[in-house]
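Chemist: Read top to bottom, the protein sequences are chains A and B. So for the first sequence, the numbering used here puts the first residue at 261; every next one is plus one. So for the second sequence, the numbering used here puts the first residue at 5; every next one is plus one.
Be aware that a few hints might be false.
[Stated by the list, open to error] Cross-link-like lysine to aspartate or glutamate pairs, in silico, EDC-like; alpha carbons within 16 Å at most: (1) A:LYS692 <-> A:GLU330; (2) A:LYS692 <-> B:GLU67; (3) B:LYS71 <-> A:ASP676.
[As the list claims (entries may be wrong)] Covered stretches of chain B, as calculated for chain A (at least 3 residues, CB under 8 Å): (4) 43-53; (5) 60-69; (6) 85-95; (7) 104-110.
Keep in mind the hints are simulated off the structure, nothing from the lab. Note that beta-carbon positions come from the ideal geometry of N, C-alpha and C, so glycine has one too.
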Amino acid sequence: MSNLLASLVSSASTLEAYGRVLETAQNNVSNASTPGYAKQRISLYALPFDPAGGVTGGVRAGELSSSRNEYAETAVRQQTSATSYQQQLVNSLTDLESRFDISGNSGIPKALNDLFQSFSTWATTPGNQATRQTVLDGATQVANTFQQTYNALSSQSQNAEQQIRQTVDAINAKVAEIQNYNHIALQGNKDDAGLSARMHAALDELSELVDFSARFESDGSVSITLNGQTPLLLEDQQYKISADLTVPQVPPSAYPDAPATMRILGSDGTDITGRATGGQLGALLHVHNEVLASYIGDSTQAGSLNRLAKQFASRVNGLLTNGQIDAGPPAQSGVPIFTYDTTNDAAVARTLAVDPTITPDQLSTIDPGPPSVSNGVPLALSQLASPLNDADKIDGVSFTEFYGQIASYAGSQLSDANNNQQVQQSLLAQAKDLRDQYSGVSLDEEATILMQFQRAYQANSRFITILDQLTQDTIDILK
Amino acid sequence: MPSVTLELLAATRAQLDAVCDLLLSPTPQAVDRCSVILETASRQMAECTAQIGSARGNPMALEAAAKLRRSCQRARTLLEAAGRFHFNWLAIRGALTGGYTDRGEPAPVHHSGSISLEA
């Protein structure tokens with residue numbers, strides 16, 4: 261009796277399986293002209309046959325497997341997200357790099373060189389009023405270029421902030437669109453291939469904005485999470501994210517007036533910035549919170565531009581105030597020429613200025629020594645161009661070299677982003693090609709491809725390792 | 005002979021770029037062709053390394069070698085990405101169809117006893 265029942269169940273199961281094949285064929289015909297529609301297939305599996313053990317064999321339908329299988333779709337989305345990240349980095353860093361002139365013909369390096377030149381001229385004619393005025397003009401130009409550079413970077417930071425807010429809005433809008441598709445799927449349309457195509461198209465667009473995980477549920481809906489942790493969409497419930505500026509309270513900010521950090525908040529208000537890693541949003545957060553902050557500061561750092569401005573201004577002021585305008589008696593001490601916000605290290609570059617009350621005859625020239633040197637101050641100032649003393653350096657290099665380092669940081673970041681973008685575009689093209697390769701093959705054909713690939717992969721891998729080593733050896737020899 | 009060195013470096017780089025182009029569509033046939041090109045490139049590079057000493061300090065040779073290295077790294081990245089794609093899928097497919105082994109690894113994929121019908 262049990263064998264009879266088992267045979268009947270087996271037959272019913274087989275008929276159901278063939279029924280699903282016919283449904284799939286019908287679906288393919290109906291959606292032949294639907295844009296973005298991918299042909300679907302159904303796989304039938306032979307069941308084990310062992311009558312003595314009550315195993316009656318038969319045929320069972322495997323899960324309905326779309327030829328646009330989710331694995332390949334996910335790989336394409338990941339590469340899309342990574343490509344979009346690099347593209348956004350290139351755009352932002354191109355703008356940043358243009359703020360720094362490393363040719364020495366404009367901006368801070370030209371102003372510094374002109375001022376050093378004026379110090380040298382002043383050292384040869386210390387009493388000349390016109391030469392002294394040139395020094396004051398040069399100092400004013402240095403202060404102006406620091407302010408201009410700071411303002412340009414600050415403006416770019418604000419621009420990045422605005423772009424982050426727009427990207428967050430775009431993410432919420434795209435998730436809302438997919439939420440609507442989920443709603444339709446949950447109304448019993450889970451096998452609607454046209455709906456599936458629209459969902460995939462929307463997920464592709466979302467992957468340009470941010471990196472995420474998508475999981476298709478058995479009810480036809482798709483769940484979306486950031487980094488697999490923060491939900492953006494579950495069934496037909498959307499969880500909106502938001503962006504805001506913040507100065508961390510714990511630990512207390514070392515630079516309270518420094519530019520705030522941009523953070524992303526989940527729908528429950530928790531900070532999820534660290535989970536928004538890819539796509540446009542990830543790149544914009546990196547540029548705002550890390551790259552630009554390294555120049556103009558944030559709650560944890562003064563920023564390299566502010567450090568340079570402070571160290572330069574305080575060194576010039578120090579040499580002038582240690583000198584004498586008149587040896588006396590009574591001796592008349594020198595006065596500082598640069599002013600800046602001394603209470604906030606993150607505000608030095610934007611507040612740097614030359615004291616407008618200073619006149620050329622207030623510039624000290626005498627180094628009291630001993631021995632006293634009549635033009636000792638301008639001599640010491642002119643040596644800032646090629647310093648020998650550690651006190652005239654910043655991080656062990658001259659002020660001009662330090663500027664070169666912070667400028668080249670922007671350039672090297674851009675160069676890396678350009679190289680990475682080219683590689684990413686290749687990886688995206690490859691992922692799309694692999695998706696297409698998998699699209700039209702049966703499981704058995706796929707197994708053959710995998711075995712052939714595995715063998716060829718190992719040979720290629722060995723050759724590339726050899727070439728990599730030989731190339732490195734060549735570079736080492738050529739250096 | 006720096007000019008010979010430069011030519012060898014440029015020729016090797018061109019071969020690696022050809023490999024990169026092939027890896028944009030990493031079918032087994034394409035990857036097989038890559039092996040042939042890479043074997044030639046490796047031989048060429050070994051020859052180049054043997055005579056590179058004469059070009060020591062030559063900035064053009066150094067730049068050419070740096071470009072070659074970038075092409076090599078790009079080829080490696082593309083190959084590894086294709087490998088990850090195939091091997092991860094193989095593991096997922098094994099786990100989906102056969103579960104996991106006693107050691108927690110995805111079951112190996114068996115290809116017998118399956119029928120695939122295309123509708």
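Chemist: Now, for every hint given, state plainly whether the structure supports it.
Modeler: These are the hints, each one checked on the structure:
1. A:LYS692 <-> A:GLU330: holds, 13 Å
2. A:LYS692 <-> B:GLU67: Cα-Cα ~33 Å, so violated.
3. B:LYS71 <-> A:ASP676: Given pair LYS71 of chain B, ASP676 of chain A holds - Cα atoms ~14 Å apart, limit 16 Å.
4. 43-53: That given contact holds, which follows from 7 residues of the segment 43-53 of chain B lying within Cβ reach (below 8 Å) of chain A.
5. 60-69: Coverage by chain A holds for the segment 60-69 of chain B (6 residues, Cβ < 8 Å).
6. 85-95: Held - the segment 85-95 of chain B has 9 residues with a Cβ nearer than 8 Å to chain A, which meets the minimum of three.
7. 104-110: violated (count 0)
Against the hints set out earlier in the document, violations occur for numbers 2, 7.
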